[in-house]
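Enquirer: Using the sequences and the hints, build the whole thing.
Residue numbers (UniProt numbering), protein chains in the order written: chain A, 1 to 319; chain B, 1 to 287.
I should point out that these hints are in silico values taken from the structure, not numbers from a laboratory.
Values in this document were obtained by computation on a predicted structure and should not be read as measured data.
For every residue, glycine included, the Cβ atom is placed at its ideal position computed from N, Cα and C.
It is possible that part of the hints are untrue.
Said to hold, decoys possible - Some, not all, of what chain B presents toward chain A, calculated at C-beta under 10 angstroms:
1. Glu57
2. Ser58
3. Pro113
4. Asn118
5. Ile191
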Amino acid sequence: MTTVPSELAVETEAKGALPSGGAPTPARRVLHSLRTSPGAIASIVIIVAIALMAILAPVLSAITGWDPYEFDPTAIDSDLGGLPIGPLGGVSAEHWFGVEPGNGRDIFIRVAYGAQVSLLIAVSATLVTTTIGVVLGMIAGYFGGIADQVISRVMDFLMAFPTLIFMIALLSALPAGNRPALLVIVLSIFGWPYTARIIRGQTMSLRNSEFVEAARASGAKPLRIAFREVLPNLRGTIIVLATLAVPGYIGTEAGLSFLGVGVTPPTPSWGQMISTAVGWYAVDPMYFLIPGTFLFLTVFAFTVLGDHLRKALDTGDAA
Amino acid sequence: MSITSAARTISIPVVGAPLLEVEHLSVSFPTSSGPATVVRDASFRVDQGTTLGIVGESGSGKSMTSLAVMGLLPRGGTATGSVRLFGHELLGRTDRELRRIRGDRIAMVFQDPLSSLNPYYTIGVQITEAYRAHRGGSQAAARKVAIEALERVRIADPDRRIDHYPHQFSGGMRQRIMIAMAICLEPDLIICDEPTTALDVTVQAQILDLLADLQRQTGTGMVFITHDLAVVSRVADDVLVMKDGDEVERGTTEQIFTAPRAPYTRALLDALPRIDDPFETLKGVQA
Chain A
1 MTTVPSELAV
11 ETEAKGALPS
21 GGAPTPARRV
31 LHSLRTSPGA
41 IASIVIIVAI
51 ALMAILAPVL
61 SAITGWDPYE
71 FDPTAIDSDL
81 GGLPIGPLGG
91 VSAEHWFGVE
101 PGNGRDIFIR
111 VAYGAQVSLL
121 IAVSATLVTT
131 TIGVVLGMIA
141 GYFGGIADQV
151 ISRVMDFLMA
161 FPTLIFMIAL
171 LSALPAGNRP
181 ALLVIVLSIF
191 GWPYTARIIR
201 GQTMSLRNSE
211 FVEAARASGA
221 KPLRIAFREV
231 LPNLRGTIIV
241 LATLAVPGYI
251 GTEAGLSFLG
261 VGVTPPTPSW
271 GQMISTAVGW
281 YAVDPMYFLI
291 PGTFLFLTVF
301 AFTVLGDHLR
311 KALDTGDAA
Chain B
1 MSITSAARTI
11 SIPVVGAPLL
21 EVEHLSVSFP
31 TSSGPATVVR
41 DASFRVDQGT
51 TLGIVGESGS
61 GKSMTSLAVM
71 GLLPRGGTAT
81 GSVRLFGHEL
91 LGRTDRELRR
101 IRGDRIAMVF
111 QDPLSSLNPY
121 YTIGVQITEA
131 YRAHRGGSQA
141 AARKVAIEAL
151 ERVRIADPDR
161 RIDHYPHQFS
171 GGMRQRIMIA
181 MAICLEPDLI
191 ICDEPTTALD
201 VTVQAQILDL
211 LADLQRQTGT
221 GMVFITHDLA
231 VVSRVADDVL
241 VMKDGDEVER
251 GTTEQIFTAP
261 RAPYTRALLD
271 ALPRIDDPFE
281 TLKGVQA
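Expert: The following block contains the structure:
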């Protein structure tokens with residue numbers, strides 16, 4: 001809380017410093033507050049780095065000369081049961097993060113491709129749950145009545161569900177097919193009520209605010225009020241909820257892959273790598289540590305960024 | 001432009017009809033123990049260029065009366081009786097028809113200026129949007145009208161201020177912006193629901209003066225809802241006193257303040273603190 005006064009002070013100076021009187025838009029204010037926070041900058045740097053790694057995975061593969069599915073028998077010692085040759089799990093100029101014990105696949109490239117899978121699933125699931133959650137939450141909160149009853153009971157039902165057990169059961173029962181798409185669907189089915197519940201509450205309070213009443217009194221149509229008056233005021237909440245949802249889905253995806261019901265091998269995924277590494281942790285801890293560190297950093301960075309966004313959006317009255 | 005023409009036809013006055021005439025208006029809400037009537041048999045009229053003050057304690061039904069006129073009763077509320085704007089009945093019209101009247105023919109100014117502007121938009125966007133929704137026209141034309149309206153409510157430097165956000169204005173300025181929004185469509189009637197209650201006394205005086213000036217310029221009729229007798233005595237030509245949904249007394253301001261007939265009105269007037277009697281005990285009103 002100690003940073004709050006200093007931010008406010010900076011804010012007023014910035015306002016006074018605008019000679020032309022240009023209004024500091026809410027977006028500019030939030031950006032300013034993020035720029036002055038080392039934690040937010042660090043987390044954005046980490047997220048951008050991991051996103052770049054995921055996007056550029058094929059390029060990195062070309063640079064290092066290793067393919068995520070390519071075995072390297074020369075990097076492992078078959079006499080020792082396939083342990084990587086060299087210190088720290090076989091870290092070398094050839095294999096930057098070492099190789100997987102047993103088959104010698106390059107860990108760096110598999111982590112990069114694993115980031116692709118993890119981020120793709122998490123971001124898609126976030127987009128789907130945020131869209132469904134905002135639409136249904138706004139319908140429930142704005143129109144109330146029967147619509148609210150139906151949507152709220154479905155949300156109660158889904159939230160009371162033992163989600164993880166059901167996901168495991170569902171994913172093992174369904175045909176393998178396109179696993180990432182299946183994961184997005186399953187994560188979305190159980191994820192949207194958490195967004196919708198918060199949006200519903202905020203919509204209900206915004207619907208009763210005086211500016212909505214004023215809009216009604218000036219002859220605005222209901223849909224216009226919902227989209228032009230209420231929705232823009234939810235954007236802060238939506239941004240924060242979405243940012244905080246991403247690490248949740250990354251973690252769940254990794255957990256499901258760890259349990260063997262997520263992304264199917266040989267497609268690389270962080271959870272799956274950690275799962276395989278469990279058998280080797282005594283002799284090759286690096287195999288466990290590297291994907292674990294990436295998973296931790298990603299989840300941590302998204303969570304810190306989400307918290308900073310929430311704080312930045314909360315401080316101003318124009319949030 | 002069909003919206004505009006429809007709104008105009010409704011306001012072609014029936015010959016001899018007053019601006020607003022409300023007869024036997026009752027408002028009720030369904031509750032688990034049967035309908036609860038919050039306004040019973042209220043009747044009043046407002047002529048062009050005059051102001052009607054509706055006074056009463058909270059819960060007396062004064063706000064519900066004004067919402068019924070606008071057709072904006074909360075969910076479940078029903079209004080019976082008659083509300084006529086220039087002789088045209090408003091009760092029983094569809095929401096679609098009423099939307100053309102709201103803002104255009106009847107505008108409303110709310111109690112809390114801090115929350116009646118959307119914090120997300122600049123005030124210019126909010127004023128021009130309401131204007132264009134009813135009158136159409138280009139953004140530039142609407143902006144010109146908005147700047148003029150801001151000028152009329154005495155916002156200094158309106159060319160620049162129009163692009164500011166609500167949080168950059170003080171409470172009194174925000175209320176003036178709300179009034180600018182109300183007058184830029186040149187409505188026939190402005191309903192002010194406790195417009196000065198959230199403001200301090202000096203700002204309150206400025207707003208009241210401003211409203212009186214605007215009324216002199218445009219001949220707009222006004223309904224002024226308040227619990228503050230001092231405000232009523234200052235702005236109103238006629239006064240309607242309400243209590244628990246009932247009309248207690250109706251008359252000219254002078255008559256109500258100098259010769260109140262109803263005991264409740266007398267009690268209300270007696271409860272006003274007097275500046276010239278330092279030893280008096282404050283009197284309450286028997287609820």
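Enquirer: Would you mind marking each hint as holding or not holding in the structure?
Expert: Here is how each hint holds up against the structure:
no., hint, result
1, Glu57, "violated, 21 angstroms"
2, Ser58, "violated, 16 angstroms"
3, Pro113, "holds, 9 angstroms"
4, Asn118, "holds, 4 angstroms"
5, Ile191, "holds, 8 angstroms"
Figure legend: structure checked against the earlier numbered hints; hints not met, in rising order: 1 and 2.
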